[in-house]
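Generate coordinates for the entire structure from the input sequences, incorporating the hints supplied.
8 protein chains.
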Amino acid sequence: MQKEQLKSLFQKVADGILSPEEAVMQIKTEPFTDLGFAKPDFHRELRQGAAEVIYGEGKTAEQILKICTSLMDNGQKTVLITRLSKEAAEYIGHSIPVTYHETGRVGIAGEVPDSKHGNIVIATGGTSDMPVAEEAAVTAEALGNKVIRLYDVGVAGIHRLLSHSSEIMSARAIVAVAGMEGALASVIGGLVDCPVIAVPTSVGYGAAFGGLAALLSMLNSCAGGVSVVNIDNGFGAGYLASMINHIGGVSQ
Amino acid sequence: MQKEQLKSLFQKVADGILSPEEAVMQIKTEPFTDLGFAKPDFHRELRQGAAEVIYGEGKTAEQILKICTSLMDNGQKTVLITRLSKEAAEYIGHSIPVTYHETGRVGIAGEVPDSKHGNIVIATGGTSDMPVAEEAAVTAEALGNKVIRLYDVGVAGIHRLLSHSSEIMSARAIVAVAGMEGALASVIGGLVDCPVIAVPTSVGYGAAFGGLAALLSMLNSCAGGVSVVNIDNGFGAGYLASMINHIGGVSQ
Amino acid sequence: MQKEQLKSLFQKVADGILSPEEAVMQIKTEPFTDLGFAKPDFHRELRQGAAEVIYGEGKTAEQILKICTSLMDNGQKTVLITRLSKEAAEYIGHSIPVTYHETGRVGIAGEVPDSKHGNIVIATGGTSDMPVAEEAAVTAEALGNKVIRLYDVGVAGIHRLLSHSSEIMSARAIVAVAGMEGALASVIGGLVDCPVIAVPTSVGYGAAFGGLAALLSMLNSCAGGVSVVNIDNGFGAGYLASMINHIGGVSQ
Amino acid sequence: MQKEQLKSLFQKVADGILSPEEAVMQIKTEPFTDLGFAKPDFHRELRQGAAEVIYGEGKTAEQILKICTSLMDNGQKTVLITRLSKEAAEYIGHSIPVTYHETGRVGIAGEVPDSKHGNIVIATGGTSDMPVAEEAAVTAEALGNKVIRLYDVGVAGIHRLLSHSSEIMSARAIVAVAGMEGALASVIGGLVDCPVIAVPTSVGYGAAFGGLAALLSMLNSCAGGVSVVNIDNGFGAGYLASMINHIGGVSQ
Amino acid sequence: MQKEQLKSLFQKVADGILSPEEAVMQIKTEPFTDLGFAKPDFHRELRQGAAEVIYGEGKTAEQILKICTSLMDNGQKTVLITRLSKEAAEYIGHSIPVTYHETGRVGIAGEVPDSKHGNIVIATGGTSDMPVAEEAAVTAEALGNKVIRLYDVGVAGIHRLLSHSSEIMSARAIVAVAGMEGALASVIGGLVDCPVIAVPTSVGYGAAFGGLAALLSMLNSCAGGVSVVNIDNGFGAGYLASMINHIGGVSQ
Amino acid sequence: MQKEQLKSLFQKVADGILSPEEAVMQIKTEPFTDLGFAKPDFHRELRQGAAEVIYGEGKTAEQILKICTSLMDNGQKTVLITRLSKEAAEYIGHSIPVTYHETGRVGIAGEVPDSKHGNIVIATGGTSDMPVAEEAAVTAEALGNKVIRLYDVGVAGIHRLLSHSSEIMSARAIVAVAGMEGALASVIGGLVDCPVIAVPTSVGYGAAFGGLAALLSMLNSCAGGVSVVNIDNGFGAGYLASMINHIGGVSQ
Amino acid sequence: MQKEQLKSLFQKVADGILSPEEAVMQIKTEPFTDLGFAKPDFHRELRQGAAEVIYGEGKTAEQILKICTSLMDNGQKTVLITRLSKEAAEYIGHSIPVTYHETGRVGIAGEVPDSKHGNIVIATGGTSDMPVAEEAAVTAEALGNKVIRLYDVGVAGIHRLLSHSSEIMSARAIVAVAGMEGALASVIGGLVDCPVIAVPTSVGYGAAFGGLAALLSMLNSCAGGVSVVNIDNGFGAGYLASMINHIGGVSQ
Amino acid sequence: MQKEQLKSLFQKVADGILSPEEAVMQIKTEPFTDLGFAKPDFHRELRQGAAEVIYGEGKTAEQILKICTSLMDNGQKTVLITRLSKEAAEYIGHSIPVTYHETGRVGIAGEVPDSKHGNIVIATGGTSDMPVAEEAAVTAEALGNKVIRLYDVGVAGIHRLLSHSSEIMSARAIVAVAGMEGALASVIGGLVDCPVIAVPTSVGYGAAFGGLAALLSMLNSCAGGVSVVNIDNGFGAGYLASMINHIGGVSQ
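Protein chains in written order, with our numbering: chain V, 1 to 252; chain Y, 1001 to 1252; chain B, 2001 to 2252; chain E, 3001 to 3252; chain R, 4001 to 4252; chain H, 5001 to 5252; chain L, 6001 to 6252; chain X, 7001 to 7252.
Derived from the structure by calculation, the hints contain no laboratory data. What you are looking at is a predicted structure, and each value in this text was computed from that prediction instead of being measured. Careful: at least some of the hints might be erroneous.
[Claimed, not checked] Cut-off 25 angstroms, straight-line C-alpha distance, at most; resulting in silico cross-link-like pairs (DSS-like, lysine-lysine):
no., chain 1, residue 1, chain 2, residue 2
1, R, Lys4012, X, Lys7012
2, H, Lys5077, H, Lys5012
3, R, Lys4086, R, Lys4066
4, R, Lys4077, R, Lys4116
5, V, Lys116, V, Lys146
6, V, Lys12, E, Lys3116
7, X, Lys7077, X, Lys7066
8, L, Lys6012, Y, Lys1012
9, V, Lys77, V, Lys146
10, R, Lys4077, R, Lys4146
11, B, Lys2012, H, Lys5012
12, E, Lys3116, E, Lys3086
Spelled out as structure tokens, the structure:
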């Protein structure tokens, strides 16, 4: 309920088009429906510039389908579903069109948008970080961004990273995905002049403590322009990278 | 040493302008000087689009002045000095012009640039978060950004935040500074469609654990577009906000 | 053994009704029985105003049934069983009447009491918090309270919460159930003038650390009237909310 | 801005008393003032049933006086100031009447209200827990509650606690303040049928970890009706105890 | 190799009974055998006054049997095996006599010694702590101690504990086994004048953090005479209780 | 109030010596006095076999003197005061005789008892652990035990420890005091057949984390008979060692 | 791309053998191939003196085989594969020769090199530490080192360790593998004058916290020459021990 | 007491040169003296190849002087004193010759040995890591090693590090000193083929948690040949680097 809408509502009351009671009712009619177990938000696209995303973890395939259908019935063309199992993707696919990306465990229900916004680079320290990186990559692509993948370019073999310096220099935002010591974010952050979104992963063992080592390392990065999202939060990184990329507009 | 420079270097060798030995020498001549205790980096502006910043903590006033002078002698017009004590600022001020911001403990040596880039909003949960917020604000201003300050708008009185919704909606990037439970970042993140840079602060006591509670809270934000920097890292947030803001260009 | 009972016991000795030895014996006869693996407490209702509750986790269906029967044979009409598996509920149901609530994993053996005490609101941040919320809700209902459920009203879409402000305002106690960043408790705490019982849940991943992030966030709430129970402790919250609600008496 | 007020506002527009523009303006006029460093909230009493409280830590005596004056000028009769140093209390006392409680570091500016609401018991494990307990006690008294203090009744000498069972039984809410192992809350929780608000304190050394041991102990209490506030948060406990006590009305 | 043995060895060399080379050899002949995967210690009984104990976790039934046989072949009459699965116990039982205690997962190979040493009390907070308590109890019994079991006497119903005060007063050492908040150790420690060995258990959930809450609570006990062993270390507690009990001699 | 006393009380009522009311009164008359800030316990010696000990930390010299006087007026001959500053010791010494041990910061008010009970060995890993060791040693001596000190015998020079094996073998209880990696407790525990009380100290830096490393190391000791008290808790270790030593009687 | 290679490249350009464009191309041709999911590094042997090692965890047998083949096709004779399951080893063994060590879960593809470098001792505290120790041992052997294994020589029976003092004294580097309290590293470090590489293991339970106790203990070792690798990182220890051993050359 | 010495001792007994009693006495005469507060170890040089080092922290100047004198009186030519304050250095300097290094807070009493062993490189991430690096450097120099210092070469400006690749390639051991995210160790470890000793420092703030972030980062290094010492343990790193360097012999 923004200022302009509120003002227009008052105007309608002043003009006698609405009674005060009707106006109150309208203010309280929220742009979501209540499915009992969830309250899908139909206006998020208006309010936040991006479609509602369903976090699939801990929801049944039936629940996901219901939320999805409810959103699409209310006019949303694309629904992103993260942490989606292959089985649930197949179940939903019987009712509505779903493009499923297995490594990143992401499904795109409905239309797959064009990738027309300037480059986002997504880099990983190792092979094992790929599922998180793919969650970020598919999220960014589903939100209309061009994505360049640079996987297995960790700091133990820094020449592998440096050999891709032109791709890195071309990016408007870089997502650095790494577990273990998480140094990738700092090294990239020291090379570029665009925002670096660091994603610690739970890859590693022992004193990696499920991603804590990489998380702390990234939070303490001595390079400028580095910020951090939750451990394994590929979606969050892809979503934020898209937001930043969109500020610069469509082509590049 | 980017690709183009390297190619041009080879060309000069091929043209007989440089001997191979001279070329090697040139490659190894790094764009920094060695002061013994520090190695100021003169090309960071080229490489990263922003001037070198001096982290004042743990450096003597003499050391800061030397680094500052070394940078300005090499052509840098503005040097940002964070975590700068009032005494050190005064000491440096005798030799070079310094604008000192006491609350945020930030000094700007040399020219203060114009603020011409679109809005950055910096919000705090409480009064005690102001020093961190000011570090972010002065950093962003020194890098050429317009800054709107919204202080003491924490979630315990959410109407104070909501009354500023038009400022919030106008931002290209928002810095949310909060200690204690750090919920401010999530609440703002749920309202806007621009990147939110969350800065946990060490404000609080007991189970705040020096900012850990706010840090974890912000990392787990269920709102999209939120990323996190280190506890009390106002500089990092201001620097990143500026980077994002510059993607959108000068006016708005 | 309260003061009055002790005094009456002395009186009986003084009156010659009991010998000193018999009095000692009576004092040491405790109001519980010893099943070997457990010592059900028959007087808790007297002492604490609420029936004994069985924590089902780690107990076999046989053990639960024995404790249950022992309590009911000693006059207790309603026995609440938390963390009760469906299988155990069925096993017990063959011997004594049990109402089983699957989402919250709560069973009510014996009579289900009327809900006649003023409102308790139970709100959750997301869909995944429902099992904990239902444990709280069924507990509160079993103790005679009217319960209003507000699920999936997390802070990332704060208008969903605000649209229920009349229900929230009507409550004598509110249970705020949330995982991830746990900001729900603070936001509700800032809106109302009744006690808010915050329940962190283990919902989330990575830096949620099994509910630690939500726990710390809730403990640091800057809103007044908020207190916290253990992670996932829906029962504890429902029990406490009932206690508070009963202070205000039956109707409202 | 509650429902009734909003409806009345619409009515005024419908009646032509206000123009739509004026209505919007009025909605946006928030019930607080902006002192630059703080935004005192004049309507909290209406919204939350208790006066604004100033958290004195990290604020200068001048700032506290300004906020205090601003609140009292807007009609608030009593202002509670916690974490108030003796020096700041004296400074403020020159301008407005302040009753200062040194052990709990609490100041009451303006009228000291009558204590007319039913009993709150505040118990401590040891002598060193007294400052936190006094913060709770003075807060509760300033909010109109009768308070019974039971200090140094820790579990290592449980008969000291049991000797006060009649006071404990008379309470509508009990605040259990303890550091070290924090067992006091569980022991009291096992004896009574009213809410127990547990306050871990930072008293102790070594593996007390600044109150963490007591905090975890209290969160894991196996007794019903126990909830926990932040380490050393005497104010929060006193405030919540008052809220609960007020539900039961004035006398007892 | 103690002083007396060394002196006697030198005497034999001085007397010409042993050559220096033979003496060196004898010193280096260690009182253990090398099974490749383990080095059973045959002299521990001499050195430490108690037989070798096999920690069964992570060893195959075959390995346990081999170590057991090796020890018994070298004259040990009783071998205690902790963390022994029922299957492994059965496997071993085919070759040597084994008494298996299922709840505590302890096996006694060979002779079961008489229980003739003065009382050890083993108390638990709840039913779920029984496996750990039984590990302690069977260990103590296997080492010749009389054991009194007091299970489910946690502090939430303190009268259950107090009703057993005569047993508690009769003990030379008490093992207090409790998870969750672990307050049992403090309460017992405040009642008695004998050593209390506190065993935190991993019973609980959420902020119990696998026994950490109970561990910290017990380490911070304000009662005298309380010391702590590792989480779930029933064996260690039973072994230490036996050591203490033996200081007092056989009968009581 | 033990069984015998209770029975005798009932007998007096039965004999008409006491009225029921007087009996109740007597039961409620607790064996402590209330100084306002503390409740000294006069019967602890009866109940626990050792005199009341005053924990000096956080108490003023005046408070300590008052508690001390109150205890001695009620017949206690020796009062142990731990964590006592030199200044406070001098202040108290003006009123009552105090023997002060500066390294361990322990004062003994009143009579210093004879040391007649069998040996307690107190060993430290390094020189810096001496204050904690002295707190243990003086405590044990004040409770009538013979104490052997073995300081600076840490595992980095294990021959220093082995050269004292006869002293170690002579002990009924050993207190092992060590910071840093805390291995001393395990090494001693592997050599002896008496209880080892491990005291982690806060000596060390970095990953010693204020004694946490030593604490965890000691809790995980693979040697039998080792239990642990709080970090720096010399008093607790000395008190427990004395308890164990007393079980074996006076001489040795 | 080292200095000499760069100089020679320039010389070729100066001599007209390479055009500048070709030189740039050559610099950017990195010594690795891109398999999509991994980028095997063919020059690591040159750069680091040891062949590429494949960390098998989280890679499919197919992926491991592809990387392996790629490396061997590029001239590497021996490829070490750690954390390799038996099934994967068999799968790979169908295509290329693999020697599989089951306890340490290490495979050696291709030639098994001779062990000709001076002694490395690998010691463990207990039987359960063997898998980690074997990972270290096989790694070291695959890199050409002689390895002496001393298993189950933990500090609880220190004579078992001391009986092997001649082997220990003969080593150029010692790997000390231990879980629980991790004291083995300190004890060995106090005996020898060569580097000790400490490997904490996740063996243990309760307050072992998955190897944290051993890790902290080892980091705080008061013995000189001790450094630490990650929990369970047998490979890292074996690799580092080999590096150190190679400094001393082939025979001894 | 090594094997050879023992054998020779037996021979002397066999030859009648020593009586058995005298031999026992000699074995028990330990190569240290007992100063009461410390037991300096005169044979460490024999046993460990390096002189005794005094850890100055927490020792008085008088104590340090006494230990120093005791060691030098027993033939040690050089004594290293770490964590030595300037004041203590001056105090000691009045009695014996001391070379004091202020940044690293290290004193060398007696002769300063020649630096003749092959190169050790000591690198730091930033200027603030210098004190720890100097502690390592002076330690290594005092033990006879050539040291190359590379300070302020952190990963945020990786070209500063790469410009020193020839020095780095020349080293036999590298000490990487860094706080904050500690990535320096991984980056260096990926470049070289010699052991890298990583020293986390407590430099940083917020989520650096006193060096924990750097510590975890370094423990999880994905580069081979990296091991870690305690936070701020410059001495330990310098000592270990020297040990490794000495394996390679004197010149290079």
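How the hints compare with the structure:
no.: 1; hint: R:Lys4012 with X:Lys7012; in the structure: holds, 13 angstroms
no.: 2; hint: H:Lys5077 with H:Lys5012; in the structure: violated, 32 angstroms
no.: 3; hint: R:Lys4086 with R:Lys4066; in the structure: holds, 17 angstroms
no.: 4; hint: R:Lys4077 with R:Lys4116; in the structure: holds, 17 angstroms
no.: 5; hint: V:Lys116 with V:Lys146; in the structure: holds, 6 angstroms
no.: 6; hint: V:Lys12 with E:Lys3116; in the structure: violated, 50 angstroms
no.: 7; hint: X:Lys7077 with X:Lys7066; in the structure: holds, 15 angstroms
no.: 8; hint: L:Lys6012 with Y:Lys1012; in the structure: holds, 13 angstroms
no.: 9; hint: V:Lys77 with V:Lys146; in the structure: holds, 20 angstroms
no.: 10; hint: R:Lys4077 with R:Lys4146; in the structure: holds, 20 angstroms
no.: 11; hint: B:Lys2012 with H:Lys5012; in the structure: holds, 13 angstroms
no.: 12; hint: E:Lys3116 with E:Lys3086; in the structure: violated, 28 angstroms
Checked against the numbered hints given earlier, this structure breaks hints 2, 6, 12; the rest are met.
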